[in-house]
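If you read the protein sequences in the order shown, they are chains A and B.
The first sequence finishes on residue 168 if you use the numbering used here, and the numbering steps up by one all the way, no holes.
The second sequence finishes on residue 938 if you use the numbering used here, and the numbering steps up by one all the way, no holes.
Incorrect hints may have been included.
[Claimed, not checked] Simulated pairs of lysine-lysine, PhoX-like, Cα-Cα distance not exceeding 25 Å:
no. : chain 1 : residue 1 : chain 2 : residue 2
1   : A       : K120      : B       : K697
2   : B       : K861      : A       : K120
3   : B       : K861      : A       : K76
4   : A       : K121      : B       : K501
5   : B       : K489      : A       : K117
6   : B       : K881      : A       : K117
7   : A       : K121      : B       : K489
8   : B       : K514      : A       : K121
9   : A       : K120      : B       : K495
10  : A       : K117      : B       : K861
11  : A       : K139      : B       : K464
12  : A       : K120      : B       : K501
13  : A       : K120      : B       : K881
14  : A       : K139      : B       : K881
15  : B       : K495      : B       : K464
16  : A       : K121      : B       : K697
17  : B       : K495      : A       : K121
[Stated by the list, open to error] Output of the computed footprint for chain B on chain A, the stretches with three or more beta carbons under 8 Å from beta carbons of chain B:
no. : stretch
18  : 67-75
19  : 138-146
Derived from the structure by calculation, the hints contain no laboratory data.
Using N, Cα and C, we set each Cβ at its ideal position, and we do this for glycine too.
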Amino acid sequence: MAAGWLFLFAVLYSAALLFGMVFFVIMFSDLESDYINPIDLCNKLNQFVLPEYAAHAFLALLFLLFGQWTAFAFNLPLIAFNVNKVMKKNHMYDATEIFRSLSGHQKETYFKLAFYLLSFFYYLYRMIVALVAENE
Amino acid sequence: MASPAQKLPVGWAAEDNQHQRYLFIETATGATQWDPPASQDGPNVQNTPPVAEPSVHHGKRRQYAAGQTQVYYGGGEAAPDLAYPAPGLQPQAVPGAQLFTPGLVGENQFATQQTHPPPGQSGYYNQAESEYINAPSFGQPPPPYGQAPVDALAGQFGQMGVGGQKQFHLYTTNLLTSPPEPRDLQRPPPEIRLPPNSCISPSPFANAHPSYQRCTLNAIPTTSSLLTKAKIPLALVITPYRSLKEGDEAVPVVTDTVIARCRRCRTYINPYVQFLEGGNRWRCCMCNMTNEVPQLFDWDQVRNQPGDRWSRAELNHSVVEFVAPTEYMVRPPQPAVYIFLIDVSNSAVQSGMVATATRTILENLDRIPDEDGRTKVAIICFDVSLYFFSLPVGSTDSNMLVVSDIDDVFLPKPTDLLVNLAESRASLETLLGRINDMFQENSIIGSALGPALQAGFKLMSPIGGKIVVLSSTLPSVGPGALKNREDPKILGTAKESGLLQAAVPFYKTFAIDCSRAQVSVDMFLFSAAYQDVATLACLPHYTSGQTYYYPAFNAGRTEDAIKFAHEFGEVLAMPIMLEAVMRVRASRGLRMSSFHGNFFVRSTDLLAMPAVPQDQSYAIEIQIEEQINTPFVVMQTAVLHTTCYGERRIRVITLALPTTTILSEVFASADQVAIATLLANKAVERSLTHKLEDSREYVFQKLVEILIAYKTSMTSGGAGASAQLAISENLKMLPVLVLGLLKNVGIRQSAQIPPDIRAYSQALLTSLPSQILIPYIYPTFYALHNMPPEAGTIGENGVILPPALPLTSERLERHGLFLIEDGQTIFLWVGRDAVPQLVQDVFDLPSYDVLRGGKTTLRPLSNPFSERVNAVIQKIREMRRGIYYPHLYIVKEDGEPPLRLWALSALIQDRADVLPSYQQFISSLKDKVITT
């Protein structure tokens, strides 16, 4: 039973993260087409950077606690990437440099978007598998 | 290209002026009082028969375009120059000999051209639309265009050795056999050869002077693949607010607030647009949009009568200022505001900085721009507390208010802190006279620079303006406190670039707040110890200010005091531009991709500059996004700003460049000075994001790529290749400039350069205009003891300088007197066997042995040699733009080693420690080029 609920939670959770990334993508394209200035953009996005990292880490922690090793391993590379960024202190967006590094940020956001999308379907699959296994 | 004014012989210009006046009186229509060079009608009227009716050229568009392509794509070998063809020039309409036709010298060539219809031209020069609307339709004499002036110009070009042919012929030089020649750097960049009739004005000012705006390539490749093949970076180097030296033409001002702009791309009207439909419409030269000509465009509002369109400044000048109407304002024009933050901690007072600074402000109160009597001033002193001064109007007294709570800065008084300069002049003067005495006994060590900045910001943020920081200690308390992170062990290692980055985010975030509130910060730094220039320089960097650094300043040495007082006085007197935004527009297919310089990038192409100082340079890289189908492209820089006397204005700088599909033209049109300026910017940026090693590698690699590209595409290669390292003549100095850059203090490989010195040098490398930057990376070297008799005397262009020598110590003679200068420092090198007479003449000392090295002021003595030497030094200090007043050091050949090594490090063609000599550098280049 636990696995089913866990993955149901994970599905919803990754959907939320997915939307978070869509928000990032939209903001960056807004910046490109001049609908927002870099200062506002950075102030806005910087509020969400650490919460997003934390949320993702929390989900991975849940997998670890529930013993879902594959799911945990699946998330591990991204955690390492995030931790590395925080350690190097370049996880925040810098308004003075944003235009120079914009393409990099965009690439990263698209990558995360794809990652959350993939994980969304993976969790969905795992949830169904868990529910089916339970019914049998 | 040199200033067109210089190209005209003196006599010719004078004659022209006379005729211009004469013409005006006769026609009595044009009111062009602000625009004298608009029409050079005189000689034309005299020398040429009346140019044919405009109707003649209708329907001949094809041939016309043919001539154009011919010129453009490499025909017309013997073509003399013509950079600015006239409107309605009709090559076919007038018998050959009578009218000069660009690109067409003999009839034969002309015939050849006619038989070759150009591909892809008709799209641009559409027959139906491209009728130039000429002056005659307005009842004016035909647009001026004549043989005499052009011939004169062509002759001038011939003399200058940059004839029109050069553009099309690529002269290959072998770097192995031709040593760098300093004189080559004085040459103007490759000439811009626009296709005929691209410009509607005959004015020699119709294309931007390189000191305002120059491009690394003076012929733009039509595709990005062609650009990639050449490997030369495409970028603009812009100095929009260049100062005017004596003899420079003032920027014409359009005062009637009729500003014609393209509806779609917002380009300002310029000499490269086309008028259509009898002059009622104009077509944008960038996006081809057809726009209405504003109704008042042909109306002279001063005299209230129809005006002459062709005399409008914006159609004749590439650099022009529009007075902006209220649509260009978000608020009424602000007054200029200056807030001085003066460090009064123990070391600052002891070094004499406070005394010198206050005295300089006092002496320059009259020079601070205040034409409209609105300028406001405030003075805040700080050590670990803040000292405000309240200056009530109408009193000569001032009250000092001390704020010790530096964690949460507040203003002790709502009024009287920021006062009107004119109204409170008396109390300001008394205050400035007293500050040094007030803090004379101050024993407090430490600096609350961060809180002082916050206080200054609070005081001025409703208005904006300039904060001038004078600090001689490392900020130690409150927000923005810094630690001494200088560690000799990591100098010269990969970690060194960390020291060049900001240590704390405070100065960056504060800079963003400043930029929003239109506050610009200038930093004057004086510390003898580590002051973290790298971090502090962030603030001027993002607020379009400037950093000035006087290491170990001591006013006890008069040289230090004079240098600082001179430079500080110039900064105060500088007529700054306030709340400016800058945008560069370019023809379709070109996109501004990245920006280097002191400003904050507010959106993809908008640069925010709270206060633009004079003579600051910006580099903008350009991307070719799609194929360019037009025969020429236009790049236009617009700076919307408020002048320091409360007028909203737009300064527009237009540069038109031809396009090309031929690789050899790309090489032949490359501007080595602009390339070096861009590389300096790129190198500094790279040293911050990567490592110093990477930035050097990057610059070197860039040069190697250019050489390889040149070798593979422009030379036959193969067998003879090993014997030469080929580059085009106009890029001959690029290798030595790159070597100079690699050896510059800013990015040099060394474990001995203090991070403060490096950071300051990097700040210079990214903000100096080419004119000052080039000597900074490639110093000038003169021999004074055997200079020609005319050197040091007054010539036609002021004091004549001796010929510059190549930068190698082989030229140093033991009995000689040499001068090496890089625009920031002047070294006077005295050889050890200098004859007593020379020492006596120049230094008023009996012999070499009693001469002392070091910083000095050279007293003019009453003998001809001393007068000439002093004249040369004076000229060096004054000849460039910018406020810098170089120190003079006497360097004895056997004097103290640090100074000697410093002076010798300016001779960049020598080998120094691990840094290669020019020969070694060239051979390492050769190895790289051959092995790949």
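Against the structure, the hints come out as follows:
1. At roughly 15 Å between alpha-carbon atoms, K120/A and K697/B fall within 25 Å of each other, so this suggested pair holds.
2. Note on K861/B and K120/A: the hinted pairing is violated, with a Cα-Cα distance of about 44 Å set against a maximum of 25 Å.
3. Between the alpha carbons of K861/B and K76/A the distance comes to roughly 53 Å, so the proposed pair goes past 25 Å and is violated.
4. Proposed proximity of K121/A and K501/B is supported: the alpha carbons are some 16 Å apart, at most 25 Å.
5. Proposed proximity of K489/B and K117/A is supported: the alpha carbons are some 24 Å apart, at most 25 Å.
6. Of the pairs offered as hints, the one joining K881/B and K117/A is violated, with about 53 Å between alpha carbons and a cut-off of 25 Å exceeded.
7. With a CA separation close to 18 Å, the supplied pair K121/A and K489/B stays within the 25 Å bound.
8. Of the pairs offered as hints, the one joining K514/B and K121/A holds, with about 15 Å between alpha carbons and a cut-off of 25 Å not exceeded.
9. Annotation: proposed proximity of K120/A to K495/B holds, straight-line Cα distance about 22 Å (limit 25 Å).
10. Using a Cα cut-off of 25 Å, the hinted pair K117/A and K861/B is violated, with the two alpha carbons roughly 48 Å apart.
11. A hinted pair counts as satisfied when its Cα atoms are at most 25 Å apart, and K139/A with K464/B does not qualify at roughly 39 Å.
12. Proximity of K120/A to K501/B is assessed by CA-CA distance (about 14 Å); at most 25 Å being required, the pair is judged to hold.
13. Proposed proximity of K120/A and K881/B is contradicted: the alpha carbons are some 50 Å apart, above 25 Å.
14. Distance check on the hinted pair: K139/A and K881/B sit about 54 Å apart at the alpha-carbon level, beyond 25 Å; violated.
15. Proximity of K495/B to K464/B is assessed by CA-CA distance (about 41 Å); at most 25 Å being required, the pair is judged violated.
16. Distance hint between K121/A and K697/B is fulfilled; the C-alpha atoms sit about 17 Å from each other, no more than 25 Å.
17. Between K495/B and K121/A the CA atoms are separated by roughly 24 Å; this keeps the pair inside 25 Å, and the hint holds.
18. With 3 residues carrying a beta carbon less than 8 Å from a beta carbon of chain B, the stretch 67-75 of chain A meets the three-residue requirement, and the given coverage holds.
19. With 0 residues having a beta carbon nearer than 8 Å to a beta carbon of chain B, the stretch 138-146 of chain A misses the requirement of three or more and the stated coverage is violated.
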